[in-house]
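Protein chains: 2
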Amino acid sequence: MPPINRREMLKLASITSLATLASASPEAASAEPATEHGPTPRWGLFEAALQGPADGNPFNDVQLEATFTLGHRTIDIRGFYDGKGVYKLRFMPDTEGEWSYITRSNAAALNGKSGKFTCSTAVTTNHGPVSVRNTHHFAYADGTPYFPFGTTCYAWVHQGEDVQRDTLEALQKAHFNKIRMCVFPKSYEYNHNDPPFYPFERDAKGNHDFSRPNPAFFAHIEQRIADLQAIGCEADLILFHPYDRWGFSSMPAEADDFYLRYVLARMSAFPNIWWSLANEFDLMKAKSVQDFDRFFHIVEQDDPFCHLRSIHYSQVMYDYTRPWVTHASLQTSDFESAEAWLKTWRKPICFDEVKYEGNFASRWGNLSGEEMTRRFWLGVIAGCYVTHGETYLDPDTAFDETASPTIPWSHGGKLRGTSPARIAFLRKLVENTAALPGTNAKRTGLDAQPAAYYLNASSVDETGKDAEAILYYFDYHQPIFYEFALPAHDFTAEMIDPWNMTITVLPGTFKGKSKIRLSGRPYQAVRFRRVRLSTP
Amino acid sequence: MPPINRREMLKLASITSLATLASASPEAASAEPATEHGPTPRWGLFEAALQGPADGNPFNDVQLEATFTLGHRTIDIRGFYDGKGVYKLRFMPDTEGEWSYITRSNAAALNGKSGKFTCSTAVTTNHGPVSVRNTHHFAYADGTPYFPFGTTCYAWVHQGEDVQRDTLEALQKAHFNKIRMCVFPKSYEYNHNDPPFYPFERDAKGNHDFSRPNPAFFAHIEQRIADLQAIGCEADLILFHPYDRWGFSSMPAEADDFYLRYVLARMSAFPNIWWSLANEFDLMKAKSVQDFDRFFHIVEQDDPFCHLRSIHYSQVMYDYTRPWVTHASLQTSDFESAEAWLKTWRKPICFDEVKYEGNFASRWGNLSGEEMTRRFWLGVIAGCYVTHGETYLDPDTAFDETASPTIPWSHGGKLRGTSPARIAFLRKLVENTAALPGTNAKRTGLDAQPAAYYLNASSVDETGKDAEAILYYFDYHQPIFYEFALPAHDFTAEMIDPWNMTITVLPGTFKGKSKIRLSGRPYQAVRFRRVRLSTP
Numbered sequence: 001m002p003p004i005n006r007r008e009m010l011k012l013a014s015i016t017s018l019a020t021l022a023s024a025s026p027e028a029a030s031a032e033p034a035t036e037h038g039p040t041p042r043w044g045l046f047e048a049a050l051q052g053p054a055d056g057n058p059f060n061d062v063q064l065e066a067t068f069t070l071g072h073r074t075i076d077i078r079g080f081y082d083g084k085g086v087y088k089l090r091f092m093p094d095t096e097g098e099w100s101y102i103t104r105s106n107a108a109a110l111n112g113k114s115g116k117f118t119c120s121t122a123v124t125t126n127h128g129p130v131s132v133r134n135t136h137h138f139a140y141a142d143g144t145p146y147f148p149f150g151t152t153c154y155a156w157v158h159q160g161e162d163v164q165r166d167t168l169e170a171l172q173k174a175h176f177n178k179i180r181m182c183v184f185p186k187s188y189e190y191n192h193n194d195p196p197f198y199p200f201e202r203d204a205k206g207n208h209d210f211s212r213p214n215p216a217f218f219a220h221i222e223q224r225i226a227d228l229q230a231i232g233c234e235a236d237l238i239l240f241h242p243y244d245r246w247g248f249s250s251m252p253a254e255a256d257d258f259y260l261r262y263v264l265a266r267m268s269a270f271p272n273i274w275w276s277l278a279n280e281f282d283l284m285k286a287k288s289v290q291d292f293d294r295f296f297h298i299v300e301q302d303d304p305f306c307h308l309r310s311i312h313y314s315q316v317m318y319d320y321t322r323p324w325v326t327h328a329s330l331q332t333s334d335f336e337s338a339e340a341w342l343k344t345w346r347k348p349i350c351f352d353e354v355k356y357e358g359n360f361a362s363r364w365g366n367l368s369g370e371e372m373t374r375r376f377w378l379g380v381i382a383g384c385y386v387t388h389g390e391t392y393l394d395p396d397t398a399f400d401e402t403a404s405p406t407i408p409w410s411h412g413g414k415l416r417g418t419s420p421a422r423i424a425f426l427r428k429l430v431e432n433t434a435a436l437p438g439t440n441a442k443r444t445g446l447d448a449q450p451a452a453y454y455l456n457a458s459s460v461d462e463t464g465k466d467a468e469a470i471l472y473y474f475d476y477h478q479p480i481f482y483e484f485a486l487p488a489h490d491f492t493a494e495m496i497d498p499w500n501m502t503i504t505v506l507p508g509t510f511k512g513k514s515k516i517r518l519s520g521r522p523y524q525a526v527r528f529r530r531v532r533l534s535t536p
Numbered sequence: 001m002p003p004i005n006r007r008e009m010l011k012l013a014s015i016t017s018l019a020t021l022a023s024a025s026p027e028a029a030s031a032e033p034a035t036e037h038g039p040t041p042r043w044g045l046f047e048a049a050l051q052g053p054a055d056g057n058p059f060n061d062v063q064l065e066a067t068f069t070l071g072h073r074t075i076d077i078r079g080f081y082d083g084k085g086v087y088k089l090r091f092m093p094d095t096e097g098e099w100s101y102i103t104r105s106n107a108a109a110l111n112g113k114s115g116k117f118t119c120s121t122a123v124t125t126n127h128g129p130v131s132v133r134n135t136h137h138f139a140y141a142d143g144t145p146y147f148p149f150g151t152t153c154y155a156w157v158h159q160g161e162d163v164q165r166d167t168l169e170a171l172q173k174a175h176f177n178k179i180r181m182c183v184f185p186k187s188y189e190y191n192h193n194d195p196p197f198y199p200f201e202r203d204a205k206g207n208h209d210f211s212r213p214n215p216a217f218f219a220h221i222e223q224r225i226a227d228l229q230a231i232g233c234e235a236d237l238i239l240f241h242p243y244d245r246w247g248f249s250s251m252p253a254e255a256d257d258f259y260l261r262y263v264l265a266r267m268s269a270f271p272n273i274w275w276s277l278a279n280e281f282d283l284m285k286a287k288s289v290q291d292f293d294r295f296f297h298i299v300e301q302d303d304p305f306c307h308l309r310s311i312h313y314s315q316v317m318y319d320y321t322r323p324w325v326t327h328a329s330l331q332t333s334d335f336e337s338a339e340a341w342l343k344t345w346r347k348p349i350c351f352d353e354v355k356y357e358g359n360f361a362s363r364w365g366n367l368s369g370e371e372m373t374r375r376f377w378l379g380v381i382a383g384c385y386v387t388h389g390e391t392y393l394d395p396d397t398a399f400d401e402t403a404s405p406t407i408p409w410s411h412g413g414k415l416r417g418t419s420p421a422r423i424a425f426l427r428k429l430v431e432n433t434a435a436l437p438g439t440n441a442k443r444t445g446l447d448a449q450p451a452a453y454y455l456n457a458s459s460v461d462e463t464g465k466d467a468e469a470i471l472y473y474f475d476y477h478q479p480i481f482y483e484f485a486l487p488a489h490d491f492t493a494e495m496i497d498p499w500n501m502t503i504t505v506l507p508g509t510f511k512g513k514s515k516i517r518l519s520g521r522p523y524q525a526v527r528f529r530r531v532r533l534s535t536p
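Top line first, the protein sequences correspond to chains A and B. Start counting the first sequence at 1; every next residue gets the next number (our numbering). Start counting the second sequence at 1; every next residue gets the next number (our numbering).
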């Protein structure tokens, strides 16, 4: 770990919490007219820039907060120093109307500044932030169901621009709608390159000053988060991780907390952020579970927009029952335990690392495309969600120790695996199976039917009683027929081939006990949809 | 259950145990000259027929025992009534030399009869009965290693002659060397036909007299067991099972014991018998675990040749630690638990029902050929053994409720699945990998290496220290290379494709840490053999 300046650290620790700067009363600055800003669409990013002191350590020395108001509603946010004497306030308005704000600061130039703007109708591609719905599922703020079908590119923002462009293209082409990605750069197998930006100021010897964030580093990540938002992709942002050679995984507690608050001030206003407190927190030897508990509390306190919060482990599971965790982020492919976990935690479950499709020597990085596809199906049928990752070495250069291959799981870049197309097929299928018509449907989502003879999951109507759609998955079973026990309504039946991505509608409708001929091939699925459903 | 004659049952209960007929002293009959029999090869079936009383109930009324002698060694056996006034003694000599016998009976015509025969060299196809070797493995009595690669045809001896012929042909063609088969006929899904023979005398109303076995029924099974022996197949004979409409699964305790002793007297002398106390004992509602404990004791007492003994369950595992169980006979595909079970039980483990290859609607009867093949590999690599079964319906007649298909799992008959050829390939591979040169090799068998990164099992040399051969199986992993940690000896390496059944020898030899290019395809295997091994 590089040496740190302990005195600076102690100063960081003295940063006041939100709303303690009340002495800088709004009235003291009321003489100054409010800045008129252009409109911000609902769930868009409102940003106000203010000029303030650039001397000393503005990150430490200057506190800036603001209160945003709509009618009788107020929301306190924390501003941040963006370098070169510029301070910023960021805000994500969630309600249309006339918003105003006023600042408080210990720096006179930043105190009592006010402004206003109109929050206009949301742009059609922005459905707002995702939160939990129906206990085990997700939806956007506008009510649109959200089913996570994501991938993993831990360090993509720390690669060259071309790789980053390739990554965005690949994500869009593959229809992934979530990405697991780290704030800090990564040092691990196949990941020995230095990042283009460092998160903190860095001297000639490579020592990092944890009390001086590098605004360009964060601005760069924010651009990528905005790019993701433009292609409908949630950024599952990993705040800490163990794969580090620079000291970012073992900063003192004060530096950790300061870093967190800085990230939260900068990024909370992005609609498509999810907070992942850590990747494999239990491998971070300098941290305890209690440190992560504290980080959760900081995120809870400093994110005014209440984005989703979770944490990922390697061997030792975090206690996902804790109230500050919104959903589980698992490293396992034990789908058979999903039923018990869903019942215990009463939260959505993302199987965020089920191993990766690829050809690595390491056991975690060499699933076949078929097996990855199968794991997505098993997860979905268990009433949960699954995350992809890809780890292919080019067979021609796999033995070349000097090669620095671009591997999507870490660098991003182009995808070459066979599972992404099948995952996209499944995503569409789930969206058309589990999303009830109407944005306020109470029961959107597929819930496993554990007592059933074969794996199946169903979505139910708004009464919560009747199956609207039932999706069966036969895994390695290859029956030539099966007697399905359907509810006493008419259903259409479709034979689904998850690998060949075909859907074959059976003639007629089915009701109650229905003996249906199947293909006799393994890894097939059957979908039943209630006849009154309009078929998308 | 048909009505039984309680008085007859009580008589059965009074049958004396072996060696209690000492009052019929040999000397009393010494006047009669000993019968000279022709030679019996080692582990062949010696049989002597004696004429005795045919009135009353000879099964009940007459007790017949004999003592076989070679030098100072004696072996007591029980004779049995074979109908029409004929009584038989059967004996399997395990040592070459001049054997003699003398009978004891409560019937004068059968008492004090003596005879002698020479036990000659074994025929080359008969290696003797199988027993446990090296804690977790098996070998024939002549020291030849035996690796069980068996299948399941529960009721094949109860079908028409053509199906029985087809079964023997199919077994031989597929190179199965063990068959799980029932003594009693079976009544279950797709198995509604009546058997050609019944085990007991049966009146016009279909009532069975459990005190009067039907010799033709047993002689027929014995012929099939001899047929199996001729093709190198062990008969894993299931003594009780729950799939019954005749009352054989719910006889009174006395009848159970009488039946067992009758079977043991008739069949123990066959070299290729294994005793399976029950199929799915826990589904036999009329029986308790204590009944099966008692059955085990009867088998221990009455089988002079100590054939292998186990019992198979459905849901509730029998306690395989009990000393009278020679090996475990599991219904599960939980290969990951094998390590713990092997350590706890210190016995060989046969995964005797891992579900069947087929296309049934029932979940237990519709594995793909690929999945069945995979399960065999997982079992072998776990240091255990696996049993096959096939349940294919003809797609053309699958919906025909009046069809009575011939399904190997129950009826026997022709095999059509894709796994048997791959299982035969694996059997040959294991025989060439795990059987050390020399019949007395102490460590023959593949033992799982649980700490290894990938699944692998090895056979070790006679010192028990050094790997002779190592077999890796990559399951759904598809690495493009892997660094194997070999012992410090030269090994040859072969790439094995378990599905395409190819073996590709790599040029050169390998020692210590060896980074080797692999195919990047899933479900592949690699075999290393110590160079000094002669390659079969």
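No lab work stands behind these hints: they were computed from the structure. Don't take every hint at face value.
Identical copies carry no separate label here, and so any pair may be met within one copy or between two of them.
Simulated crosslink set (SDA-like; lysine to any residue; CA at most 20 Å straight-line) [as the list claims (entries may be wrong)]:
id: 1; residue 1: K116; residue 2: D227
id: 2; residue 1: K428; residue 2: F305
id: 3; residue 1: K84; residue 2: K513
id: 4; residue 1: K428; residue 2: D244
id: 5; residue 1: K428; residue 2: T406
id: 6; residue 1: K84; residue 2: E189
id: 7; residue 1: K513; residue 2: R363
id: 8; residue 1: K511; residue 2: R532
id: 9; residue 1: K116; residue 2: I75
id: 10; residue 1: K428; residue 2: Y262
id: 11; residue 1: K347; residue 2: E370
Each hint, compared with the structure:
For the identical chains of this complex, K116 and D227 are neighbours neither inside a copy (27 Å) nor across copies (95 Å), given an alpha-carbon limit of 20 Å. Taking the closest pair of Cα atoms, K428 and F305 never come within 20 Å of each other, the shortest separation being 29 Å inside a single copy and 65 Å across copies. With identical chains, the CA atoms of K84 and K513 are never at most 20 Å apart, being 72 Å at best within one copy and 55 Å at best between copies. Proximity of K428 and D244 under a CA criterion of 20 Å is satisfied in neither setting, with 37 Å inside one chain copy and 49 Å between copies.
Taking identical chains as interchangeable, the C-alpha atoms of K428 and T406 are never at most 20 Å apart, the minima being 29 Å within one chain and 42 Å between chains. Taking the closest pair of Cα atoms, K84 and E189 never come within 20 Å of each other, the shortest separation being 37 Å inside a single copy and 81 Å across copies. For the identical chains of this complex, K513 and R363 are inter-copy neighbours only, at 17 Å across copies versus 43 Å inside a copy, given an alpha-carbon limit of 20 Å. When the C-alpha separation of K511 and R532 is checked against a cutoff of 20 Å, the pair qualifies only within one copy, where the shortest distance is 13 Å, while the shortest distance between copies is 67 Å.
Taking CA atoms no more than 20 Å apart as the test, K116 paired with I75 passes inside one copy only; the shortest distance there is 14 Å, against 106 Å between copies. Proximity of K428 and Y262 under a CA criterion of 20 Å is satisfied in neither setting, with 37 Å inside one chain copy and 65 Å between copies. In the homo-oligomer, the alpha carbons of K347 and E370 never lie at most 20 Å apart, since the shortest distance is 28 Å inside one protomer and 36 Å across protomers.
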